[in-house]
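So the sequences go chain by chain: A and B.
Add 28 to the 1-based position in the first sequence for this note's numbering, that's all there is to it.
Add 7 to the 1-based position in the second sequence for this note's numbering, that's all there is to it.
Derived from the structure by calculation, the hints contain no laboratory data.
Just so you know, not all the hints are guaranteed correct.
[To be verified] Subject to a maximum C-alpha distance of 27 Å in a straight line, what follows is the list of computed BS3-like cross-link-like pairs (lysine-lysine):
no. : chain 1 : residue 1 : chain 2 : residue 2
1   : B       : Lys240    : B       : Lys20
2   : A       : Lys85     : A       : Lys75
3   : B       : Lys23     : B       : Lys315
4   : B       : Lys46     : B       : Lys76
5   : B       : Lys38     : A       : Lys75
6   : B       : Lys9      : A       : Lys207
7   : B       : Lys219    : B       : Lys23
8   : B       : Lys23     : B       : Lys94
9   : B       : Lys219    : A       : Lys188
10  : B       : Lys9      : A       : Lys192
11  : A       : Lys207    : A       : Lys179
12  : B       : Lys187    : B       : Lys23
[Said to hold, decoys possible] Cβ pair distances, simulated, as ranges:
no. : chain 1 : residue 1 : chain 2 : residue 2 : range
13  : A       : Glu148    : B       : Glu265    : 39 to 49 Å
14  : A       : Glu148    : B       : Asp100    : 41 to 51 Å
15  : A       : Thr79     : B       : Gly121    : 40 to 50 Å
16  : B       : Arg43     : A       : Asp103    : 21 to 31 Å
17  : B       : Ser79     : A       : Thr136    : 41 to 51 Å
18  : B       : His234    : A       : Asp103    : 47 to 57 Å
19  : B       : Lys9      : A       : Leu170    : 22 to 32 Å
20  : A       : Leu170    : B       : Glu39     : 23 to 33 Å
[Said to hold, decoys possible] Computed list of chain A residues with no C-beta within reach of chain B, every gap over 12 Å:
no. : residue
21  : Arg106
22  : Ala113
23  : Ile121
24  : Gly137
25  : Asp163
26  : Arg165
27  : Ser167
28  : Lys207
C-beta: ideal position from N, C-alpha, C; glycine also.
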Amino acid sequence: MSTKVLLDSKEIDIILHRLSCQLVENHGDFSDTVLIGIQPRGIAVLKRLQTILTTEKGITNLATGQLDITFYRDDFRRRDEPLQANTTSIDFILENKRVVLIDDVLFTGRSIRAALTAIESYGRPSDIELLVLIDRRFSRNLPIQPTYLGKQVDAVNNEKVLVKWHEDKSKNAIHLIQKNN
Amino acid sequence: MKQLSVPHLLGIKNLKREDLELIYETADHFKEVINRPIKKVPSLRDITIANLFFENSTRTKLSFELAEKRLSADVINFSASQSSVKKGETLIDTVNNILAMKVDMVVMRHPNVGAAEFLSQHVEARIINAGDGTHEHPTQAILDTYSIREKLGSVTGKNVVIIGDVLHSRVALSNIYALKLLGAKVKVCGPPSLIPKHITSLGIEVEYNLEKALQWCDVANILRVQHERMDVKYFPSTREYTQLYGVNMHLLSKLGKEIVVMHPGPINRGVEITSDVADSGHSIILNQVENGVATRMAVVYLLAQQIKRE
């Protein structure tokens, strides 16, 4: 198994700041906007964007939530491994809100399809956007594209993109892992 | 990644502690789901479930049906009173006829002990026991222990007393198994005629004095007096039963501590429990009903997960 660093901590930091700026540009003071992280790996991205938006961009009352999509997945009973759910915490109704879904890597698009169905359970948002750190293009199974994009990556199917977060920000990195089999 | 160690839910006796914990964790997620504006997930949309009730039931049947529908399963219902069972059809024939309609899972309540286990050996479907005679009622024990866990944070180390008609109660037996598995201390309390012989062999104690039992416990699970299962008189009169084993506010206020009061329903108000206790802050009876849907969703979901798609 060989590993290549796609983005180092500095590049990730620059990208997160750029994405925050783009969000501010489109959503102003975020009064009608909610940021929803997709469990499990979207939460880390959400937390970091939240920090930048509240401390550096002066956004107050930023509404955020965590969405688990396990019960909406289309591969229930088709996998060898059972699916295990994570916590969902959305303490508000999404009726007429502007929703930004957040995940780390966009691959086949099936998770996002599940998230779009799941989000309907909380009301009818006025619009839904998608923010991802990494877009693995040419690997989509569904017609889904991100609205905000960190970096586009060409990875073949036996490669895995892994985002590693650390307490110490300077150790953050995104790896491209080549599987041998 | 975890899954249940059993292919059917026939009784708590066959489960491991990890199974119960997995069910609770999954039920936590479903409890969040059933408090959403849209209380439904699409997980089981290609699963068909038959609810076969050969014995009367209101809340268990509704609770299962709701749990299945919240998971988007297709549901068919069957009650013995309006079926061919009356015409002399055997249990296996009845069930095989239903399975011929491509049913994946059967939830069954039956007056005979072991009916669910018997069925699991003879038909190709996942079986959930929703009560077999006076034997087990596993989902009731799961929702009871889940409710204790929710109210008190944990079941381990808690003192739980099961009060009343233990002899005829499948709820009592399943609860004892579940509570022991989770490391609670258990006593049963009731008139000697309604406490089965050798029940202490399950590793529990018997207390005939209600006041002492209440003083000892953190949780009192009060059972219904099952008049319909009593072929002979087990106590002289209902009035005498109430005086000796009925839980009332006067008893609870004397304890000098808060205890949690549970009842699996349906309640005989004024017999085993007075209305002021049933409707008081001590009681988590209605929480039990809500948790019944979440825990049954968890059980159905976890068993359905094992059915591999062809």
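Evaluation of the provided hints:
For a cut-off of 27 Å, the pair hint linking B:Lys240 to B:Lys20 is broken: about 30 Å separates their Cα positions. Between A:Lys85 and A:Lys75, the direct Cα distance comes to roughly 15 Å. Compliance with the 27 Å bound is thereby established for this hinted pair. The straight-line distance between the Cα atoms of B:Lys23 and B:Lys315 is roughly 23 Å, inside the 27 Å bound, and the hint therefore holds. Pair hint B:Lys46 plus B:Lys76 holds up; C-alpha atoms about 10 Å apart against a cutoff of 27 Å.
Distance hint between B:Lys38 and A:Lys75 is fulfilled; the C-alpha atoms sit about 25 Å from each other, no more than 27 Å. Only pairs whose Cα atoms come within 27 Å are accepted, and B:Lys9 paired with A:Lys207 is accepted, the gap being roughly 25 Å. Our distance criterion of 27 Å between C-alpha atoms is broken by B:Lys219 and B:Lys23, whose separation comes to about 32 Å. A distance of roughly 40 Å separates the Cα atoms of B:Lys23 and B:Lys94; the hinted pair therefore is violated under the 27 Å criterion.
For the proposed pair B:Lys219 and A:Lys188, the alpha carbon gap of about 63 Å is over 27 Å, so the pair is violated. With a C-alpha separation of about 24 Å, the suggested pair B:Lys9 and A:Lys192 falls inside the 27 Å cut-off, and the hint holds. Between A:Lys207 and A:Lys179 the CA atoms are separated by roughly 22 Å; this keeps the pair inside 27 Å, and the hint holds. Distance check on the hinted pair: B:Lys187 and B:Lys23 sit about 11 Å apart at the alpha-carbon level, within 27 Å; holds.
The hint said 39 to 49 Å for the Cβ distance between A:Glu148 and B:Glu265, and at roughly 42 Å that hint holds. Taking the beta carbon of each, A:Glu148 and B:Asp100 are about 43 Å apart, inside 41 to 51 Å as hinted. Between A:Thr79 and B:Gly121 the beta carbons are some 59 Å apart, a value that contradicts the proposed interval 40 to 50 Å. Between B:Arg43 and A:Asp103 the Cβ separation comes to about 23 Å, which falls inside the hinted range of 21 to 31 Å.
Separation of B:Ser79 from A:Thr136 is about 23 Å and departs from the stated range, judged on CB atoms against 41 to 51 Å. A hinted range of 47 to 57 Å holds for the C-beta pair B:His234 and A:Asp103, which are about 50 Å apart. Against the hinted window of 22 to 32 Å, the Cβ-Cβ separation of B:Lys9 and A:Leu170 comes to about 29 Å, which satisfies the hint. Between A:Leu170 and B:Glu39 the Cβ separation comes to about 27 Å, which falls inside the hinted range of 23 to 33 Å.
A beta-carbon of chain B comes within 12 Å of the beta-carbon of A:Arg106; the shortest separation is about 5 Å. Separation of A:Ala113 from chain B is inadequate, the least Cβ-Cβ distance of about 4 Å not exceeding the 12 Å criterion. The beta carbon of A:Ile121 sits about 6 Å from the closest Cβ of chain B, which is not more than 12 Å, so the claim that it is off the interface is violated. Non-interface status of A:Gly137 relative to chain B is upheld: no Cβ of that chain comes within 12 Å, the nearest being about 17 Å off.
At roughly 26 Å from the closest C-beta of chain B, the C-beta of A:Asp163 stays outside 12 Å, upholding its exclusion from the interface. No beta-carbon of chain B comes within 12 Å of the beta-carbon of A:Arg165; the shortest separation is about 28 Å. Non-interface status of A:Ser167 relative to chain B is upheld: no Cβ of that chain comes within 12 Å, the nearest being about 24 Å off. Even its closest Cβ contact with chain B, about 19 Å, leaves A:Lys207 beyond 12 Å, as expected for a residue assigned away from the interface.
Hint check: violations occur at hints 1, 7, 8, 9, 15, 17, 21, 22 and 23; the rest are consistent with the structure.
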